[in-house]
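J.: So the chains spell out like this:
Protein chains: 2
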Amino acid sequence: MTADIAPTELRAQIRSGKWTTPTSGAATGFLQANLVMLPRSLAFEFLLFCTRNPKPCPVLDVLAPGQTEPAIAPGADLTTDLPRYRLYRSGQLTDEVTDVRPFFTDDTVSFLLGCSFSFENAMLAAGLPVRNIAEDKNVSMYITNRTCRPAEPFEAPLVVTMRPMTPEQAIRAVQVTTRYHQTHGAPIHVGDPAELGIRDLNKPDFGDPVTIHPGEIPVFWACGVTSSLAVTAAKLDLVMTHAPGHMFVSDLRDEHMTIM
Amino acid sequence: MTADIAPTELRAQIRSGKWTTPTSGAATGFLQANLVMLPRSLAFEFLLFCTRNPKPCPVLDVLAPGQTEPAIAPGADLTTDLPRYRLYRSGQLTDEVTDVRPFFTDDTVSFLLGCSFSFENAMLAAGLPVRNIAEDKNVSMYITNRTCRPAEPFEAPLVVTMRPMTPEQAIRAVQVTTRYHQTHGAPIHVGDPAELGIRDLNKPDFGDPVTIHPGEIPVFWACGVTSSLAVTAAKLDLVMTHAPGHMFVSDLRDEHMTIM
Numbered sequence: 679m680t681a682d683i684a685p686t687e688l689r690a691q692i693r694s695g696k697w698t699t700p701t702s703g704a705a706t707g708f709l710q711a712n713l714v715m716l717p718r719s720l721a722f723e724f725l726l727f728c729t730r731n732p733k734p735c736p737v738l739d740v741l742a743p744g745q746t747e748p749a750i751a752p753g754a755d756l757t758t759d760l761p762r763y764r765l766y767r768s769g770q771l772t773d774e775v776t777d778v779r780p781f782f783t784d785d786t787v788s789f790l791l792g793c794s795f796s797f798e799n800a801m802l803a804a805g806l807p808v809r810n811i812a813e814d815k816n817v818s819m820y821i822t823n824r825t826c827r828p829a830e831p832f833e834a835p836l837v838v839t840m841r842p843m844t845p846e847q848a849i850r851a852v853q854v855t856t857r858y859h860q861t862h863g864a865p866i867h868v869g870d871p872a873e874l875g876i877r878d879l880n881k882p883d884f885g886d887p888v889t890i891h892p893g894e895i896p897v898f899w900a901c902g903v904t905s906s907l908a909v910t911a912a913k914l915d916l917v918m919t920h921a922p923g924h925m926f927v928s929d930l931r932d933e934h935m936t937i938m
Numbered sequence: 679m680t681a682d683i684a685p686t687e688l689r690a691q692i693r694s695g696k697w698t699t700p701t702s703g704a705a706t707g708f709l710q711a712n713l714v715m716l717p718r719s720l721a722f723e724f725l726l727f728c729t730r731n732p733k734p735c736p737v738l739d740v741l742a743p744g745q746t747e748p749a750i751a752p753g754a755d756l757t758t759d760l761p762r763y764r765l766y767r768s769g770q771l772t773d774e775v776t777d778v779r780p781f782f783t784d785d786t787v788s789f790l791l792g793c794s795f796s797f798e799n800a801m802l803a804a805g806l807p808v809r810n811i812a813e814d815k816n817v818s819m820y821i822t823n824r825t826c827r828p829a830e831p832f833e834a835p836l837v838v839t840m841r842p843m844t845p846e847q848a849i850r851a852v853q854v855t856t857r858y859h860q861t862h863g864a865p866i867h868v869g870d871p872a873e874l875g876i877r878d879l880n881k882p883d884f885g886d887p888v889t890i891h892p893g894e895i896p897v898f899w900a901c902g903v904t905s906s907l908a909v910t911a912a913k914l915d916l917v918m919t920h921a922p923g924h925m926f927v928s929d930l931r932d933e934h935m936t937i938m
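If you read the sequences in order, they're chains A and B.
Under our numbering, the first residue of the first sequence carries the number 679, and numbering increases by one thereafter.
Under our numbering, the first residue of the second sequence carries the number 679, and numbering increases by one thereafter.
Simulated from the structure, these hints should not be mistaken for lab results.
If several chains are the same, the list does not tell them apart, and a pair holds so long as it fits within one copy or across any two.
Below, a list of computed lysine to any residue pairs in the SDA-like style, where the Cα atoms sit at most 25 Å apart:
id, residue 1, residue 2
1, K913, L741
2, K913, E723
3, K733, L874
4, K815, R877
5, K913, P743
6, K733, R827
7, K881, A921
8, K815, D883
9, K733, T856
10, K733, M935
11, K733, G805
Source: prediction; values computed, not measured.
Whole structure, please, built from the sequences with the hints as guidance.
T.: If you want it as structure tokens, here you go:
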């Protein structure tokens, strides 16, 4: 981890190829976002999918076709300012690249979706445990038995992140994260993993398992990976997203996206 | 005002032509919604306009092209279950009708947007004054000097409603309405009307003026009429909306749409 830097400086380093690693922990307090880029012909359907599933897919910004400069970061360029991108063709991951300019056209629409980094900072500030950060691991993610409201051709199961804590801490976590309604907001479940169809907390579908101490219960939040499953399941000719952990860093502070 | 009835019964009476008047005060506690119907070709742009302006245009539901049964009211039909509709052609109001089936096609997309009736009920329950209800008037609405974020071809000034109260009541009103983030949420301004470009509170652009008592200040909320200005300004061949006050009554309770 390097010393903290401003979002504009971080994006400049990414653009010049100097910064190539995940953005977790960088420019603390500034809103980071998931990126999805897809063709204009399916932009309505994808925006509809997000609108119908605001907990996993909170929309922070949508750009006009062919536009690359988001309102939440003037001067930024979404085709160059993320450290790493993934390209999916017909639903299959085919490439990881550091620059999507060769693939971006006047027809491409970019979506920026909220990310749990915002509320993790708030939980730390409130003295709550964030085990994945404490253990320097990727957060545990699970595919649940709950299905999102579809918007054809987009459909997906709900994916959740899990952070263990005591029941008393879970109550406080509900309060703290409720404010962050545009970055996943309050948990969607607390307690029994089986209720979500999760058989073994030690075997997450994505990310790493974390330690669960005696007296702790799992607390589950909706996860932005849901949107990745939706766009890959739709098997489009080409979809571009950020690579996991390599987010877009905006000029907005996390606080700008709170409900109160 | 008739005795209160259930949403399903109210919609049945509307559909049969028995109920033809505004829905204000009917089926208290159930979510009512603004309706906008427009062609598939501009559905993305309009959903984008709403996404970019969530305070005046909170999206409750969007239906697939040609669909008339919303998820928030199973069994309902949006083409028949509102007491009165308005038709705009090239931006001009041309008709008011009680049934839009003759104009609805497989290409028509329906949007349901949140309405301030939800938080007015909550304010009354909290003992706060809602002057327009107390004086049995339409709420005062004003076109402000603030512009919405456009999504071509949709653009509009922000329209606000105003309810007068004491400063102490205004503080409580902020708390009470914050919960209702999908039905306009917290106020956008309190105090000086000139800050919003409003020259005379006694001359609203829409609705009726209400009494402002000594010691009271105006409190302003974003208003769904903003979406009407946006769709008429776009001068589409045909747009259908509810007629003012003649809303769609859903099966969801107002409480379902609160943030906490």
